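Colleague: So you can see what is in the structure, the chains are spelled out below.
Number of protein chains: 2
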Amino acid sequence: MNPSELTPERARALFRAGLETPTSGFAPGYAQANLIALPREAAFDFLLFAQRNPKPCPILDVTEPGEVSASVFGGDLRTDLPAYRVYRHGELTEERTDVTDLWRDDLVAFLIGCSFTFETPLLEAGVPVRHIEAGTNVAMYRTNRECRPAGRFRGPLVVSMRPIPADRVADAVRVTSRYPAVHGAPVHVGDPAGLGIADLSRPDYGDPVEVGEGEIPVFWACGVTPQAAVTASAPEFAIGHAPGHMAVTDVRDSFYQVP
Amino acid sequence: MNPSELTPERARALFRAGLETPTSGFAPGYAQANLIALPREAAFDFLLFAQRNPKPCPILDVTEPGEVSASVFGGDLRTDLPAYRVYRHGELTEERTDVTDLWRDDLVAFLIGCSFTFETPLLEAGVPVRHIEAGTNVAMYRTNRECRPAGRFRGPLVVSMRPIPADRVADAVRVTSRYPAVHGAPVHVGDPAGLGIADLSRPDYGDPVEVGEGEIPVFWACGVTPQAAVTASAPEFAIGHAPGHMAVTDVRDSFYQVP
Chain D
1 MNPSELTPER
11 ARALFRAGLE
21 TPTSGFAPGY
31 AQANLIALPR
41 EAAFDFLLFA
51 QRNPKPCPIL
61 DVTEPGEVSA
71 SVFGGDLRTD
81 LPAYRVYRHG
91 ELTEERTDVT
101 DLWRDDLVAF
111 LIGCSFTFET
121 PLLEAGVPVR
131 HIEAGTNVAM
141 YRTNRECRPA
151 GRFRGPLVVS
161 MRPIPADRVA
171 DAVRVTSRYP
181 AVHGAPVHVG
191 DPAGLGIADL
201 SRPDYGDPVE
211 VGEGEIPVFW
221 ACGVTPQAAV
231 TASAPEFAIG
241 HAPGHMAVTD
251 VRDSFYQVP
Chain V
260 MNPSELTPER
270 ARALFRAGLE
280 TPTSGFAPGY
290 AQANLIALPR
300 EAAFDFLLFA
310 QRNPKPCPIL
320 DVTEPGEVSA
330 SVFGGDLRTD
340 LPAYRVYRHG
350 ELTEERTDVT
360 DLWRDDLVAF
370 LIGCSFTFET
380 PLLEAGVPVR
390 HIEAGTNVAM
400 YRTNRECRPA
410 GRFRGPLVVS
420 MRPIPADRVA
430 DAVRVTSRYP
440 AVHGAPVHVG
450 DPAGLGIADL
460 SRPDYGDPVE
470 VGEGEIPVFW
480 ACGVTPQAAV
490 TASAPEFAIG
500 HAPGHMAVTD
510 VRDSFYQVP
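Residue numbers (the numbering used here), protein chains in the order written: chain D, 1 to 259; chain V, 260 to 518.
Rather than coming from a laboratory, the hints here were simulated on the basis of the structure. Don't take each hint at face value.
As the list claims (entries may be wrong) - Label-pair ranges, simulated between beta-carbon atoms:
1. Gln516(V) <-> Glu67(D): 53 to 63 Å
2. Ala234(D) <-> Ala272(V): 40 to 50 Å
3. Gly214(D) <-> Ala384(V): 37 to 47 Å
4. Thr359(V) <-> Gly74(D): 43 to 53 Å
5. Pro467(V) <-> His89(D): 37 to 47 Å
6. Glu146(D) <-> Pro313(V): 25 to 35 Å
Model, not experiment: these values are computed from the prediction. We put the beta carbon where it would ideally sit given N, CA and C, even for glycine.
With the rest of the complex left out, here is chain D (with noise of 0.2 Å):
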């Protein structure tokens, strides 16, 4: 199994059946997704959420209350991502490969944009994606920046970084500015202690990568803000993705180009 010879349903489909890991490289030139899945009462708060905060929660698709799929997405959203967590009042409480019978008839599921879908151009634009050589998950951050709140949902803006050599950072900005539904360009380059990160190799989320020489990290904005907001916000329950194991979508990268 090469993740990058996969199809998005057949990753999916590898998902289901259990396989656990991280989903970088996988399905390359399909877009991935972030889940959020909150009760339709906390729905409202949440898309207004999102829609103040488009860096962090570009919102690709939003399903009916109940519903298991959705347009940007063919498989069943409670077992085809690698793994789940489970928020019952803003606790972190279980992660899970599958949530079939934890799934409410009432739960609204929001699909969010994810920076893995412009690493594909950015390899192809020649600039190296570190934890994708590595085969490791990529490394998130809390940062101090307060994300502009929305009825009961406020939280900090979560980060991903990539560490990115120096003459090539111009191009990491060129590229991933294309993709604004994916997070577009970074928020931050260089010193971590200006997003209030104080040690790099211990990430809130995911895998700690090392900044080689030459090199510098740069950061952006990230899917799991919405997790970090029930986890500030404590609504009664919430399913998301597992950090890093994310909803390989039936949508080419491409379709989120912007010229």
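Based on the hints, put chain V in the right spot on chain D.
Modeller: Structure of chain V alone, referenced to chain D:
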């Protein structure tokens, strides 16, 4: 009083004092916005409708329930537009210049991008805008294109039309495509029948405008679409602007320009 020399604040003061006029050409350089205010219990469905139909319904701002101003609009949403339309169960029941006594604590106001915003850049690019020259309201039409429904909301796409000289159509596309937050590039160029518009001289909203020799009708998605959705979907209560009688915001046009 020269509309082209007013600040947003001064324009709003005139409207508050009773001036009832279409706002095209007012306070040039500042973005204008469509208004639709709906009860909180319908707000999620509408926000999702807007999310699913970003060409006609690009959201600039959403208020908390009961608020009467917005981050993009320093005035009073109940008095500072030149005219309003009031809907009860989908029926247009009143047109007024002040809705203070009708504003409810549970109303959520959505401010939606308006194509008047890109008319200044059009004029600066030498593309004529006929209805400004004529001092009339822009011509708007319901089309045979259905929006993507969401919850209780469905309805047709509404468009605005500007006649453009054949050799300036490319410029009109190029300039307006830089402003996706205020409807962006045209949805249709040429034959009105392609949108199901039988007679250009009979717009559904606003004033007719002649398509001259050597000109072609160019159609942009229009922020009256939410009011057509109110008509089609019959929420219990809604307040919109009178078509063409917009909220003049405090935000510069250039804020909404993308590269």
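Colleague: A separate judgement is required for each hint: does it hold in the structure or not?
Modeller: Each hint tested on the structure:
{"no.": "1", "hint": "Gln516(V) <-> Glu67(D): 53 to 63 Å", "verdict": "violated, 37 Å"}
{"no.": "2", "hint": "Ala234(D) <-> Ala272(V): 40 to 50 Å", "verdict": "holds, 44 Å"}
{"no.": "3", "hint": "Gly214(D) <-> Ala384(V): 37 to 47 Å", "verdict": "holds, 44 Å"}
{"no.": "4", "hint": "Thr359(V) <-> Gly74(D): 43 to 53 Å", "verdict": "holds, 50 Å"}
{"no.": "5", "hint": "Pro467(V) <-> His89(D): 37 to 47 Å", "verdict": "violated, 58 Å"}
{"no.": "6", "hint": "Glu146(D) <-> Pro313(V): 25 to 35 Å", "verdict": "holds, 26 Å"}
In terms of the numbered hints stated before, the structure departs from hints 1 and 5, listed from lowest to highest.
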